[in-house]
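J.: As a plain string of letters, each chain reads:
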Amino acid sequence: MKYQPVIGLEVHVQLLTDTKIFCGCSTKFGAEPNSQTCPVCLGLPGALPVLNKKVVEFAIKAGLSTNCSITPRSIFARKNYFYPDLPKGYQISQFEDPICQWGWLDIKVGEETKRIGITRIHMEEDAGKLVHGELSGPGDGSGVDLNRACTPLLEVVSEPDLRSSDEAVAYLKQLHQIVTWLGICDGNMEEGSFRCDANVSVMPVGSDKLGTRAEIKNVNSFKFVKLAIEYEIQRQIDLIEDGGTVVQETRLFDPNSGKTRSMRSKEEAHDYRYFPDPDLVPLVISEQWIERSRGELPELPEQRQQRFMAELGLPPYDAEVLTACRALADYFEAGVAAGGNAKAVGNWVMGEITRALNDSGTSIETCPVSPEQLAELLKLIDNGTISGKIAKTVFDEMWRSGKAPQAIVEEQGLIQVSDSGAIEGIIDEIIAANAGQVEEYRGGKEKVFGFFVGQVMKASKGKANPTVVNELLLNKLKG
Amino acid sequence: MNIFDMTIHELHTALKGKQVSSVEATAAMLQRIESVEPQVGSFITVTPENALAAARAADQQIARGECHLLTGIPMAVKDIFLTEGVLTTCGSRILNNFIPPYSAASWEKLQDRGAVLLGKLNQDEFAMGSSNESSAYGTTRNPWNLAHIPGGSSGGSAAAVAARQAIATLGTDTGGSIRQPASHCGCVGLKPTYGRVSRYGVIAYASSLDQVGPLTRDVSDCAVMLEAIAGHDPKDSTSVDTPVPNYSANLKSGVKGLKIGLPKEYFIDGLDTDVQMAMDAAIETYRRLGAEFVDISLPHTDYAVATYYLIATAEASSNLARYDGVRFGHRAEADGLLDMYTKSRSEGFGVEVKRRIMLGTYALSSGYYDAYYVKAQKVRTLIMNDFISAFADVDVMLTPVAPTPAFKIGEKINDPLQMYLSDIFTIPVNLAGTCAMSLPAGFSASGLPIGLQLIGKPFGEETILRAGYAFEQATEWHTRKATI
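Protein chains in written order, with the working numbering: chain A, 1 to 479; chain B, 1 to 484.
Hint data in this document are derived by calculation from the structure and do not stem from the laboratory. Check each hint, because a few of them may be wrong.
Ranges of calculated distance between the beta carbons of each label pair, as one might list FRET restraints [to be verified]:
| id | chain 1 | residue 1 | chain 2 | residue 2 | range |
| --- | --- | --- | --- | --- | --- |
| 1 | A | T212 | B | K354 | 33 to 41 Å |
| 2 | A | S69 | B | S346 | 41 to 49 Å |
| 3 | A | G192 | B | D370 | 30 to 38 Å |
| 4 | B | L417 | A | K54 | 35 to 43 Å |
| 5 | A | D186 | B | P48 | 52 to 60 Å |
| 6 | B | E66 | A | V284 | 41 to 49 Å |
Every residue gets a Cβ at the ideal spot worked out from N, C-alpha and C, and that includes glycine.
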């Protein structure tokens, strides 16, 4: 029998606010354990939460960028369970009436575009973390670090619209692109700023009855998401084929073995006893607030791609690559704005710049060559001052020294020689020195032409204008 | 006149006139506490050194000519208020070692005005009780008759005022916890409108119902205390940003033409005869003062107690989850995490607290949530609406505070339902979120105080204080003192 996988994703997006969601403590990563805490995030008796408005603004932006409706009156709820990293014994989250609902994203898999529903986006606080072993202090016990407690998160829940691991990864990547593009999340998956739980089930092809699902927890890279989902699909198919049944449970993905294993069954599942948090008043979001946020939204990747194609005439592939992240797109556009030809700037950004960034491990935000400098370099090629080949040398020097291209060209005497008199002199010398090859050429072996070009370029230290060289050589060799 | 018998206003006059210093007044109070505490048991913790230090600071303030009405006044607060550096138990064993790193916003406001903290007052554990019998630190006794309960849960706060162990105190009221003990101990107790006073730093019992309020000798003192603690607090999202009136300034405007509602559901057949007589006399007094009476109805009153015990326990079951032995409070010797949780909480919580955690957990459980919690919220709305429509016709309501005077210690402790019913006249006010005050209105045949409840519109504290003041001026109940 053939099986159809059905996948839904729950993504936790850690928000880039300076302070926590319900108190004024810093959200900075990596501080001394428990140094970024106060009575509120420690869950001390008597402490009360106060909502960080920035979190709401970020959530609205995320909602608008994923085609969600913004709930005019949304509610915070308590999710009750005991765990040492959860100081209050409940997590403040949203249950009924989350801030965003009924959205969607269009994803591309291969040549196809597919619409994936977003059920809801809600705001919640993160828990702290347990520290085992020596870090936890004297003895062999465990410690609790509450620096992360109360850090703001968005949980983005998709509809079970995904049908393969590739679709799941495409959806995740697009969501990742949007939240980083909006500047509301740093997207760092290793540090857990963007993490995903996957709900996976399978059903016979043609069936409309969904199979029992397993939830795979905390998968923290695109690669692992793909592996975990594929493993889980196969596990469920094998199980059914062997006459077994899939049980509803929570499973953990182990990146080392590439397998998922059971964490807890439905029977062991918590009854979270959600109820509206009486310490927080309902969050009322006015139409004006929503419109103001809409006005503040940056042009999103999809829109920008379209514009790059329509206005700047970029091919679809270039437009997509250049909008992979907002800073890259900004860089490209600044280069164009500084007078660079769009196609040429695009090629350089996708080529030399990307290569140099990768080689040096820098990001586009800290690129030592500014888009204006790049445009200047391209101008030097356009007006014949330097050849495209020399331009690469100049670029490397710009990257190293930060100097302007014009200055480098002048300092190193790299200006292209287009003067036919000067080039003719060189050609004459070369022809005179290589009588044998001249004979060969004249005898019909046209391949030798390349040899002469190389010799002339070499003799001119690459500065001779190749067009002029070609023209003059042809004439001279004809004799 | 004994210093400990004074009101805030009387002691303030003496302090300002330099007839007495705050250190002398504080020392006198500490001595009084020492002499009557063995009989009454109002305190969980007495802090003589801190108190004298604060009194010295207050004296310096007074010497500089900065003498607020509360400067140098010795007070005490219920042990539910966090007090920086001072043991705060909330009447529970689970917090028997909890020294808070910060203070409750309301107490901080009093402290900023120079008030002196004598110590922390006994209470029902986590404010769950109507008799102070659920405290892990012994039962407070009623200063008027030591065989009787002082009421609860702010029993220590009321008893300390009645036994003149503090000039004024702070309590909290979730279902009557200020008004019922004030009534039983013959003092004035005010539960402000929900959101009027910050809950920050007050240990939560039922967050949507809890409210901080003063217990005092008379209505003028109550007005001064409320003025000091009321107001918006950005740290409490449920506190309301509405201006605080000058309650004291408007006390004396009288009640001529004031429309007082008498909700028929509060004057039931089973009402204690002495209580009924006190109410009749109070109505007569107000009539004489020019108030008009209107018969009104609050039709959903019957459902209030059941509604309260679903909502309050549901919230409590969640609020008390943080007492897990991990970060503070009592931690049992245990083998592993689950064992630590179970033992710490089993040892740390008393019977009534456990009962309410279980009730609340049940009410929120999947499959029961709609039938209990959601239904209770709907009834709560109906009860609120009762008040809104009734207040369309009247300015205040007059009712008894409790169906009977203070009962005997032990009388209801094994019958939770009977205990719960002692709050039937106070609970609806918390559910409606409005304000109400208890003030002395007479005595039973056996000499126990009987309180009168004035219920005001939301943020109508000014009106009930004015009505209370008029009553107080026309009667002498508040001047009687427990002979202890």
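J.: Need the list of violated hint numbers for this structure, in ascending order.
T.: 4
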